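So the sequences go chain by chain: L and W.
Here this note's numbering is used: the first residue of the first sequence is 26, the next is one more, and so on.
Here this note's numbering is used: the first residue of the second sequence is 278, the next is one more, and so on.
By construction, these hints were calculated from the structure, which means they are not laboratory data.
Since the model is a prediction, treat every value here as computed from it, not as a measurement.
Worth double-checking, as some hints may not be accurate.
Just the calculated beta-carbon pair ranges, DEER-fashion [unchecked claim]:
#1 L:E32 with W:Y378: 53 to 63 Å
#2 L:Y274 with W:L368: 49 to 59 Å
#3 W:V385 with L:T153: 52 to 62 Å
If you want the ones that stay clear, here's a sample from chain L, every Cβ over 12 Å from chain W, calculated [what the hints assert, rightly or not]:
#4 S31
#5 E62
#6 D101
#7 D112
#8 R137
#9 P160
#10 V179
#11 D222
#12 I247
#13 K261
#14 L276
Each residue gets a CB set at the ideal place from its N, CA and C atoms; glycine is no exception.
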Amino acid sequence: MGAAMSEPILVMNKVGKAYSAAVPILRDVSFSQAPGEFVAVVGPSGCGKTTMLRCIAALMQPDQGEVLHLGQQFGDPPPWLSIVFQDYNRSLFPWLSVRQNVGFGLRKIDRRERDERVEQALSAVNLTHAADLYPWQLSGGMQQRCALARSIVVRPQLLLLDEPFASVDAQTRIDLQDMVMDICKKMSLSTLLVTHDIDEAVFMADKVVVLSTRPAQVVEQIEIDLPHPRDQLTTKESPEFLRLRHRVYTLVRHQAQKSAAAHTEREDQ
Amino acid sequence: MNANRRHIASLAWQAGTIVLLLTVWQWAALTYPAPYLPALENIATGFLRLWHGDLLFSAIVPSMTRLAIGFVIAVVVGSVAGLTLGYLRNLDPWVRPVFEYLRFIPAVAILPAALLLFGPTDTMRIFVIAFGSVFPVLLAATDGARRVEPLLLEVARVERLSIPERLFRVILPASLPSIFAGVRIALSIALVMMVISELIAADNGLGFYILRNQRLFQTANVYAGVLAIGTIGLALTLALLAVEKRVLAWHRGWRGLPGADG
Numbered sequence: 026m027g028a029a030m031s032e033p034i035l036v037m038n039k040v041g042k043a044y045s046a047a048v049p050i051l052r053d054v055s056f057s058q059a060p061g062e063f064v065a066v067v068g069p070s071g072c073g074k075t076t077m078l079r080c081i082a083a084l085m086q087p088d089q090g091e092v093l094h095l096g097q098q099f100g101d102p103p104p105w106l107s108i109v110f111q112d113y114n115r116s117l118f119p120w121l122s123v124r125q126n127v128g129f130g131l132r133k134i135d136r137r138e139r140d141e142r143v144e145q146a147l148s149a150v151n152l153t154h155a156a157d158l159y160p161w162q163l164s165g166g167m168q169q170r171c172a173l174a175r176s177i178v179v180r181p182q183l184l185l186l187d188e189p190f191a192s193v194d195a196q197t198r199i200d201l202q203d204m205v206m207d208i209c210k211k212m213s214l215s216t217l218l219v220t221h222d223i224d225e226a227v228f229m230a231d232k233v234v235v236l237s238t239r240p241a242q243v244v245e246q247i248e249i250d251l252p253h254p255r256d257q258l259t260t261k262e263s264p265e266f267l268r269l270r271h272r273v274y275t276l277v278r279h280q281a282q283k284s285a286a287a288h289t290e291r292e293d294q
Numbered sequence: 278m279n280a281n282r283r284h285i286a287s288l289a290w291q292a293g294t295i296v297l298l299l300t301v302w303q304w305a306a307l308t309y310p311a312p313y314l315p316a317l318e319n320i321a322t323g324f325l326r327l328w329h330g331d332l333l334f335s336a337i338v339p340s341m342t343r344l345a346i347g348f349v350i351a352v353v354v355g356s357v358a359g360l361t362l363g364y365l366r367n368l369d370p371w372v373r374p375v376f377e378y379l380r381f382i383p384a385v386a387i388l389p390a391a392l393l394l395f396g397p398t399d400t401m402r403i404f405v406i407a408f409g410s411v412f413p414v415l416l417a418a419t420d421g422a423r424r425v426e427p428l429l430l431e432v433a434r435v436e437r438l439s440i441p442e443r444l445f446r447v448i449l450p451a452s453l454p455s456i457f458a459g460v461r462i463a464l465s466i467a468l469v470m471m472v473i474s475e476l477i478a479a480d481n482g483l484g485f486y487i488l489r490n491q492r493l494f495q496t497a498n499v500y501a502g503v504l505a506i507g508t509i510g511l512a513l514t515l516a517l518l519a520v521e522k523r524v525l526a527w528h529r530g531w532r533g534l535p536g537a538d539g
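Full structure from sequences and hints, please.
See the structure below:
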């Protein structure tokens, strides 16, 4: 990958965030992402994954530590960053058609070029046939593909995915995973996926970052050296996949149990 | 089939009610001739005379012009100010009490003051129309802007929209359903304020036409003027609904299928 040589696209350096002194969300979260790398962040539910993602996107500033995009700190989302949110039916503009939603972020460029790029993005997510419908006329999976097209049309370098497949059915999720992996490789995007689905994380990522329970800390970073292209059947049946999945699963379950024990303790007091 | 028949039946009832009312009026007018009860044909003649020639330009046109200017000012000022206030919540504690108070002032009460301020001019009448109808729009726009889906504002931030772009590309369209509700109320208030403002120190307009004919005991013309105002109100409301239906087509579809899956 040669990533070790070039500057990381994203560095999290001892990032801490608390909504109040009593409720710390993130503590000393540190990891880095090389250009072109696909990183998945997993952790027990409610551990602060979304808060972390909002800090990374500069939609929120951390209380401690720093978030560096190509070595710089940002007060607003950097121009090369895009996000796909979990809630497609809240994140798409209901008054714009699919085509207009996709073109939303393309301003100040020549109209012909804009139309061309929108068409490209639509065909990349296989939505050309639905371009003139409103997003609320589409199925969940199609809406999420529309959100994906809106994110890639601006040609970002870093794509953040906030549990993007959590609200769709199992078959659609699998199709979306393949589509996202394919697009990210083709565009050599750096992708950061936040998810609670361990199979998904191991299957898609080059590196899995496991978070602890609240306040979230990095428990471990696991390199996923499964060969590309990955296949829903053969990759998931390979001993290497099962070994990695076992390891990540054990770590996450351990965290979840600690969290449950802490709850019981609190109730006992 | 059944629905169709019910629709026709309902139309028949509506038409029947109107015919009945007119019949009762005409019967009363013929049976008890009195100045305040003119016959229908006289009212109709007065009504038709309003829409062409001199009367068109001394009654209808001045009224409609004032109404249009005052109403458009109210809609524009109310929308822009309301959206800004709704979006910049920091201003809220400063501005809110003032508006909350102002909206309880019946617009009619401002008329004498407006007369002192502007004299018996068109400016005074337009001011009164705009003042009366701005508040429903303002409050609806503030409310709409405050309830914009926060995730859409985050999308706007990620797409690096400037503040004016956020206002016009996200907050305005998201607030349009709310604004239209305010605009419909504003229209009826604007109509009331138009008539009232023309009852004082006026020399043209529909309000003046009604008042003058009342003084001349031309009661048929008085009723003709009243009917003209009702007709204008109805026509404007229908026009507004047609615009709303076009502009908010997405909204009806969207609300009809919340979280549509399939």
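inquiry  = Is 49 to 59 Å respected by the C-beta to C-beta distance linking L:Y274 and W:L368?
reply    = Cβ of L:Y274 to Cβ of W:L368: about 51 Å, so the range 49 to 59 Å holds.
Taking the closest pair, is the beta carbon of L:D101 still more than 12 Å from chain W? About 7 Å separates L:D101 from the closest Cβ of chain W, which leaves it inside 12 Å; violated.
task = Please confirm whether L:E62 is truly not at the interface, meaning its C-beta sits more than 12 Å away from all C-beta atoms of chain W.
result = About 21 Å separates L:E62 from the closest Cβ of chain W, which puts it past 12 Å; holds.
I want to verify a distance hint. Is the separation of the beta carbons of L:E32 and W:Y378 within 53 to 63 Å? 58 Å, holds
(request) With 12 Å as the threshold, tell me whether L:S31 passes as away from chain W on beta-carbon distances. (result) 24 Å, holds
Original post:
Beyond 12 Å from every Cβ of chain W: is that where the Cβ of L:I247 lies?
Top reply: 29 Å, holds
Check your understanding: Hey, does L:K261 actually stay past 12 Å from chain W on C-beta?
Key -> L:K261 clear of chain W: closest Cβ-Cβ about 27 Å, beyond 12 Å.
task = Mind verifying the non-interface call on L:D222? Its CB should be farther than 12 Å from each CB in chain W.
result = 20 Å, holds
L:V179 non-interfacial with respect to chain W [C-beta, more than 12 Å]: Label violated. Min Cβ-Cβ 8 Å, cutoff 12 Å.
Does the no-contact call for L:L276 survive, Cβ to all of chain W over 12 Å? Given a closest Cβ separation of 31 Å, the condition holds.
*Since L:D112 was said not to touch the interface, does its Cβ keep a gap of more than 12 Å from each Cβ of chain W?*
Violated, since 6 Å does not exceed 12 Å.
Assertion that L:R137 lies farther than 12 Å from chain W (Cβ)
Check passes; 21 Å lies beyond 12 Å.
When each numbered hint is compared with the structure, violations occur for hints 6, 7, 9, 10.
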